[in-house]
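K.L.:
Chains as they are written, first to last, in our numbering: chain P, 1 to 456; chain X, 1 to 305.
What the hints contain is simulated information worked out from the structure, not anything from laboratory work. Treat the numbers as computed from the prediction; the structure is a model and nothing was measured. Among the hints, a few may not be true.
[Claimed, not checked] Using C-beta positions, here's what the derived DEER-type ranges look like:
(1) X:LYS143 <-> P:GLY124: 43 to 53 angstroms
(2) P:LYS149 <-> X:GLN232: 30 to 40 angstroms
(3) X:GLN232 <-> P:SER282: 25 to 35 angstroms
(4) X:ILE293 <-> P:THR51: 48 to 58 angstroms
(5) P:GLN119 <-> X:GLN299: 54 to 64 angstroms
(6) P:ASP385 <-> X:GLY122: 43 to 53 angstroms
(7) P:PRO363 <-> X:ASN159: 30 to 40 angstroms
(8) P:GLY400 <-> X:ILE145: 39 to 49 angstroms
(9) P:LYS329 <-> X:ASN159: 17 to 27 angstroms
(10) P:GLN119 <-> X:PRO140: 34 to 44 angstroms
Built from N, CA and C at the ideal position, the CB exists for glycine as well.
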Amino acid sequence: MKKLLAILVVIALMFSMAACGGSKKPADAPATSAPQGSSSNNEEPKAEPVTLRMITWVQESNERAIADLNAKFSEKYPNVSFVVDTVNANDYPTLQNTRISAGDVDIITNLSAFDTLPQEWTRGADMPAWVTFIESGAYLDITDQPFLKNWDENMIKNAVSYKGRVYGIDVGAVGFNGLFYNKDIFEQYGFEEPGTWAEFEVICNTLKDNGITPITVGGADSWPLTSVGVSGMVGAYETDMNEFAKGLWTGTRKFTDEKTMGLWRRFEQLVSWLEPNCMSISYGDAPGRFVAGKAAMMIDGTWNAGAIKDLDPNFRFGYFPFPGDVDGKPNQLQGKYDMQFNIYAKSPNVDWCLKYLEFLSQPEVYAPFVSALGFFPTMPGVQTDNEFVNSLADKNQRFGLAWEKYIIAPKGVGQYAAGQCFNINLLEALGGTVKTVDELAQLAQQDWDAALAAIQ
Amino acid sequence: MQAVKTSFKKSSLVLGIIPAIFFQLFMGVGPSLATFILSFTDITGVKGVPWKWVGLANYRELFFQQNHRDLIQVLKNTVTFCVAVTVIQNFIALFIALALNSKMIKGRSFYRAVVFMPSVLGVLVTSLVWLCVLNPLDGPVAKFIGLFGLKSGFFTSANTALACCIFTQIWMAMGHSMVINLAGLQSIPNELYEAGAIDGASGSQNFRYITLPLLWPTLNVNIMLAIIGSLQSFQVILLTTGGRNMATQTLAARVMFFAFNINSGSGAGPMRQGYGAAWAMFLFVFILIATLIYYRSVQRRDDAI
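Isolated chain P (complex conformation) (with noise of 0.2 angstroms):
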């Protein structure tokens, strides 16, 4: 009996095993440009009913930008068919992970382009989740894909490539360092968009002191205030952001020196400016609170003007980064390349997959895509006809990436300097329980000397 026992307990443990997915063997060789049972691209795939599976995010107008592109591709090709499944942005990187992980995808959006890599200062860093889907072969290699040459050469080098090869297509650019703006309002009280921090505080207290709450944001989902607040405003206030960056590594720059304390009296400036209990506000309800007229200001990325615009095509709104010392009016917009579509390598439906990509590498069907999800243009050639990313215009000729994409925190750092390292949702008045900015840069600073300790 005990014999039968043990051979039992070791059949199972070999089937658990196994069915844990793994293999000790090298990753499978990442797929080539010519996918199986595909002579070549330029082929037609078979005429039999395919269905394409494809995953994205909640965001309702880049959700209605692929149902028509969808709806195209199918106009086209009338034996594909689409199943998109969607879920919101902050659970976005799970659902990537199991469906890769179960092989029950063929076409992957991903919500930023490859970046985030660690830096020779930035000492055990992990590798970013794209570098482990690219290593095991999930993402198809589309280097040798004759629609690449459609899209922007910056864009094909440093947004979609790893280590030579390219990976994806990432069909916009889009800008997150700011805030979304009532015109109404703003007229009401002859405020121009700011071009300086001290003319941003009058804006904002000069509203607060007449009964207006300045700024809503969508706090629940905590990102879209540290993503875009806190990320916005370190842009605004560094000139350099790498070196920003490498200095809090290196120790040439601490979360409570003085320069940095400057950073922080903003930040509590900015939280005496929020919509009360904005902490329990949804990203996706955000919107509909500023329609509403219950802020002036709503902190946001550019994405979310089709959100806007949908529940009052009325509403008369602009956008502005935050501001910084230097009147650099207009600011510039800081950000990131949007929406990579990427293919599952191992997807039975390759060819339809990468033709689905050179759809979209048209200029006549990027154009409208692109102009519905409010990016701006990928593509050298296109413009854009949406009106709010062409409003932008001027606040686009020196675009840069976001303090976010410069930024990577020590494994195992604590609370209050993960992420985006200025954790100030953890500030008593946005229901945390540090009491003072000050107190929160000293425990910030604790942090990260504590990983930084425990690296070496």
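Based on these hints, arrange chain X on the given structure of chain P.
P.N.:
Showing chain X alone in chain P's frame:
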């Protein structure tokens, strides 16, 4: 005493239970052992990514590279969540079971169904319901306490978030405890109460000397289930506070956080199932210790009786 004669051979019995044993080994013991082994690897969980043996590196990171203050906060949250859920849930479940077992209450079945209803709703619906009810902006509770000049961030405030999670968990799981208690109460022979009545026992004496001792094995099961269940629970925390707030992070939530890269926001980090497995082993030891402590204290009490 005569042995019961059976037409089954011993080997037939063994053969009969093999499927059940194999099922238990495959679904329970196997994955547990696999988790233990995987905690010494850097497996990500993404198919095709090579993984290797890293020895104690995951445990070193957990205990020495993790921020100690945050780790202690996670342990504190775990203990608070476990103790509060176990004590309050069982106390209320016992009280309601006693009330709904009384013949004096008409329509007992209806009330039992009402109390059990949250267990049927499931964790997702329950969490959404309480997120709405406890919405600090325009939820009914916020409006009500606002009448008295009070306000609270509920799930969004570090001071109240854990309490709100505990409340939601109890509301959801209490129905089960109540039903088990009811079954225990109904198995107590009525003759004992009749004998008590003849001896002139009061209601409280009946409870102390008849109900409680005979219900004790049932209560034990309930308490044990509540301890283990609350230590393993992470769903309410993730669904209500998103697990982003360290104020509500428990060991089980940390396992999910690392193993499935939950709530990384920008999604920059990869899944780290090897490291998550190390957290799971830590959770296992924690549950084992908690269960043993409870078991020993019960045993000591029983020995004393």
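K.L.:
If a hint holds in the structure, say so; if it doesn't, say that too.
P.N.:
Tested hints:
no. : hint                                      : in the structure
1   : X:LYS143 <-> P:GLY124: 43 to 53 angstroms : 49 angstroms, holds
2   : P:LYS149 <-> X:GLN232: 30 to 40 angstroms : 54 angstroms, violated
3   : X:GLN232 <-> P:SER282: 25 to 35 angstroms : 28 angstroms, holds
4   : X:ILE293 <-> P:THR51: 48 to 58 angstroms  : 54 angstroms, holds
5   : P:GLN119 <-> X:GLN299: 54 to 64 angstroms : 57 angstroms, holds
6   : P:ASP385 <-> X:GLY122: 43 to 53 angstroms : 46 angstroms, holds
7   : P:PRO363 <-> X:ASN159: 30 to 40 angstroms : 55 angstroms, violated
8   : P:GLY400 <-> X:ILE145: 39 to 49 angstroms : 46 angstroms, holds
9   : P:LYS329 <-> X:ASN159: 17 to 27 angstroms : 42 angstroms, violated
10  : P:GLN119 <-> X:PRO140: 34 to 44 angstroms : 50 angstroms, violated
Of the numbered hints given earlier, the model fails hints 2, 7, 9 and 10; all others are met.
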